[in-house]
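Asker: Can you make the complete structure from the sequences, with help from the hints?
For the sequence shown, the residue numbers in my numbering are -9 to 56.
It is worth saying that the hints were derived from the structure and are not from the lab.
Please note that the accuracy of each hint is not assured.
The calculated label-pair distances, taken between Cβ atoms and stated as ranges, are [what the hints assert, rightly or not]: (1) -3 <-> 45: 26 to 32 Å; (2) 29 <-> 8: 23 to 29 Å; (3) -5 <-> 54: 33 to 39 Å; (4) -2 <-> 43: 37 to 43 Å.
In this text, a Cβ means the ideal position worked out from N, Cα and C, and glycines have one as well.
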Amino acid sequence: MYIACALFVAIFPNLSADLVGWLTHSDSIERSITLGGTVAGLIEVVIYIYIAARLFAWAFNKSVSK
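Answerer: Printed below as a string of structure tokens:
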């Protein structure tokens, strides 16, 4: 999903900036897409998902064990 989003931003940078601007109610968002930024963002997303999955697993295991 992240790679698909990064590709969308790379192919349609103006539309992507407009969409984010509409969602966040901000004006003139300009960013350049780089390979390093894409890889760093992917690593960040993986870390966040890992932490969230661990927290949900811990909470689930606590709720079913008695």
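Asker: Now tell me if each hint is right for this structure.
Answerer: Now for the hints, and whether the structure bears them out:
no. : hint                  : result
1   : -3 <-> 45: 26 to 32 Å : holds, 30 Å
2   : 29 <-> 8: 23 to 29 Å  : holds, 25 Å
3   : -5 <-> 54: 33 to 39 Å : holds, 34 Å
4   : -2 <-> 43: 37 to 43 Å : violated, 25 Å
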